[in-house]
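So the sequences go chain by chain: A and B. Sequential numbering of the first sequence, starting at 1, is according to UniProt numbering. Sequential numbering of the second sequence, starting at 1, is according to UniProt numbering.
Calculated from the structure, these hints are not laboratory results. Where is the CB? At the ideal position from N, CA and C, for every residue including glycine. Where hints are given, some of them may not hold.
[Said to hold, decoys possible] Residues from chain B shown here face chain A by an in silico Cβ test under 8 Å; the list is partial: (1) L10; (2) G115; (3) W270; (4) S300.
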Amino acid sequence: MTSSTETTLAGPPGEPGQIADSGTAAPAELAGRSPGQLMWQRFKRDRTGVISAYVVGFFFLVGIFAPVISKLYGKDPYTLYGTNEPGLLNDFGYPIAPNGGMSSRFWFGIEPNLGRDVFMQLVYGIRTSLSIAVAVTLAVTATAIVMGVTAGYVGGKTDYFIGRVTDLLMALPAQLFFVAVMPVVTAVFVSPVDETPTYLRVVALISVQWFLGWMGLARLLRGQVLSLREREFIEAARVTGASSWRIVRRELLPNLVTPILVQSTLMLPAFVTAEAGLSFLGVGLIEPTPDWGRMFARGAEVYQNDLTYMFFPGIAMVVFIVAFNLLGDSVRDAFDPKAAR
Amino acid sequence: MLRFLVRRTLGAVVILLFISAFTFFLFFAIPHDPALLSCGKNCTPDNLKTIHHNLGLDHPVPVQYYLFMVRIFTGHHFAAGNCPAPCFGYSFANSEPVWPTLIDRLPTTLSLALGSMVVFLLFGLGTGMLAAWRRGSAVDKVLSSASLVLSSMQIYFVGPLVLALLVYNNHILDQPKYVPLTQNPVHWFSGLIIPWCVLSILFTANYTRMARSTMIEQLQEEHVRTARAKGMSGAYVFFRYAWRGSLIPIVTILGIDLGSLLGGAMITEWTFQLTGLGRLAIDSVTKTDLPMLMGVMLFSSAMIVLFNILVDAVYAFIDPRIRLS
Numbered sequence: 001m002t003s004s005t006e007t008t009l010a011g012p013p014g015e016p017g018q019i020a021d022s023g024t025a026a027p028a029e030l031a032g033r034s035p036g037q038l039m040w041q042r043f044k045r046d047r048t049g050v051i052s053a054y055v056v057g058f059f060f061l062v063g064i065f066a067p068v069i070s071k072l073y074g075k076d077p078y079t080l081y082g083t084n085e086p087g088l089l090n091d092f093g094y095p096i097a098p099n100g101g102m103s104s105r106f107w108f109g110i111e112p113n114l115g116r117d118v119f120m121q122l123v124y125g126i127r128t129s130l131s132i133a134v135a136v137t138l139a140v141t142a143t144a145i146v147m148g149v150t151a152g153y154v155g156g157k158t159d160y161f162i163g164r165v166t167d168l169l170m171a172l173p174a175q176l177f178f179v180a181v182m183p184v185v186t187a188v189f190v191s192p193v194d195e196t197p198t199y200l201r202v203v204a205l206i207s208v209q210w211f212l213g214w215m216g217l218a219r220l221l222r223g224q225v226l227s228l229r230e231r232e233f234i235e236a237a238r239v240t241g242a243s244s245w246r247i248v249r250r251e252l253l254p255n256l257v258t259p260i261l262v263q264s265t266l267m268l269p270a271f272v273t274a275e276a277g278l279s280f281l282g283v284g285l286i287e288p289t290p291d292w293g294r295m296f297a298r299g300a301e302v303y304q305n306d307l308t309y310m311f312f313p314g315i316a317m318v319v320f321i322v323a324f325n326l327l328g329d330s331v332r333d334a335f336d337p338k339a340a341r
Numbered sequence: 001m002l003r004f005l006v007r008r009t010l011g012a013v014v015i016l017l018f019i020s021a022f023t024f025f026l027f028f029a030i031p032h033d034p035a036l037l038s039c040g041k042n043c044t045p046d047n048l049k050t051i052h053h054n055l056g057l058d059h060p061v062p063v064q065y066y067l068f069m070v071r072i073f074t075g076h077h078f079a080a081g082n083c084p085a086p087c088f089g090y091s092f093a094n095s096e097p098v099w100p101t102l103i104d105r106l107p108t109t110l111s112l113a114l115g116s117m118v119v120f121l122l123f124g125l126g127t128g129m130l131a132a133w134r135r136g137s138a139v140d141k142v143l144s145s146a147s148l149v150l151s152s153m154q155i156y157f158v159g160p161l162v163l164a165l166l167v168y169n170n171h172i173l174d175q176p177k178y179v180p181l182t183q184n185p186v187h188w189f190s191g192l193i194i195p196w197c198v199l200s201i202l203f204t205a206n207y208t209r210m211a212r213s214t215m216i217e218q219l220q221e222e223h224v225r226t227a228r229a230k231g232m233s234g235a236y237v238f239f240r241y242a243w244r245g246s247l248i249p250i251v252t253i254l255g256i257d258l259g260s261l262l263g264g265a266m267i268t269e270w271t272f273q274l275t276g277l278g279r280l281a282i283d284s285v286t287k288t289d290l291p292m293l294m295g296v297m298l299f300s301s302a303m304i305v306l307f308n309i310l311v312d313a314v315y316a317f318i319d320p321r322i323r324l325s
């Protein structure tokens, strides 16, 4: 059954030459390798890909081990160091030490007015932002698979209906929709008089982005399923009496792994920046939850007097997004070496 | 052509109807009472009831939606004032009809969108074509990696950075603000040049990549090879033949980008304190001004849908082989 996967990844059936010239990893001896192994070998040879994978991995480790880093560093993102200790902030609330108060004690400086530790805020902010982005990516990918495969495989009225819903959602201005709907979604769960708990804000952030995120991938998968559906191996499975569920699970999905993985790798950084954008506009997470995007909102308030505050979050984000985009390109090349660069 | 336009317009109207219904029900699903906002501090139940009635909130939601749609075409006399024909309702927050406010904010957004379009088309297509022209060379590599890094810059980071470096610390450029073009073209330009450039950073890389890959594709086409074989110069072939074929994918993404830009570039407008449609939307959210928000949403969706149709129509001009309808 997995032979179908092999054909898509290594070239159309009946063209064994394709394997040799597409995969640098498959030399003349033609040892039996699974598509996954081939992909891994191609990926390992891509130096840019490996380096960016390390960078991306580093950010995820920072996010995961934020509490450990906090322990080792000896500070947390909530304590108001500047207000508690005199001599750190001047009368206007700005750090006294040069470069935003950077020192061996406060590596990335301290926040104006409140006097929190910027390094700790960034580490925990990365943790928050990445968790949300990962959750959105998982939700979006799952929905896109369900919608795309259903539309493509069932066809007929179902396909038409899903297609129209996709059209409708695509015509909505996404960013405006996020901003406009965030308060609505939170208001559904909690009365505006009460304080919105942080976890509800997170749920709202995830659901809003999920709602308008799945259409692109769903459309792509539908197209793939439409063409796969007519292929011989699906027909053969159907003739032997396989149920639709089995065909989808064992025949279709293994052939969709490539677009799903590639697209979700490209999706994740977009969700990180979108979430940060929402927090920047003031509709995302609020104080005191540390958040990558809100650091920019704070930075935009103080940049005329303390530009260094947003310097580290900004550089970190540029590095993260560049690395993730490069990683996405490399994953695509490794899976599908024929795709034009 | 006419049949195509009529059919697509009807389709667009249907989509817009669905969007308006969707957003309307979504916004009025808020358990929060909008009348409370207009009522102010000394709010008595009697007062609240009058406001409820004046805003039409005492009707069931489907009736409210029906009235909303009808009033777009007929206009309506609200207790707070008159709202002539394209009546998208009356703002809860500042007691002004929605449509004139939208029209009032539109020039800012329009200037921002069109200006940045010029910038990102110039730079994007220019660098993309240059990279394709010198494919594989150092120039290509530098341009491609520069565009990758630039596309990863976020407006909320670059915006304040540029402002701090060029405006506040060194006074090289003017502080961004919107001056109508008709009032003073020079100030219009100098006030918007920073927002244009910063906004186009996000887009330029897309166009660079697109222009590069389509140009490379086009240069391998047979008619281009024939033209070269006839002895035409490389530059002539490049600009006369190959260039045309790469227009279609570029027009496609340009349509999408312009459509969404004309609905307001929220982060840019927020960063540079420009009062366009995006800023209006954010302010309306903080004031729970639902009619205004609804107006901006409908306007932006209409722009996206309109530009989808425009793109399809433009295809036929670029490539006569594409038949409409």
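These are the hints, each one checked on the structure:
1. L10: At 14 Å from the nearest chain A Cβ, B/L10 fails the 8 Å test, so the hint is violated.
2. G115: violated (20 Å)
3. W270: Nearest chain A Cβ about 6 Å off; hint holds.
4. S300: Result: holds, 4 Å to nearest chain A Cβ.
When held up to the earlier numbered hints, the structure conflicts with 1, 2 and fits the remainder.
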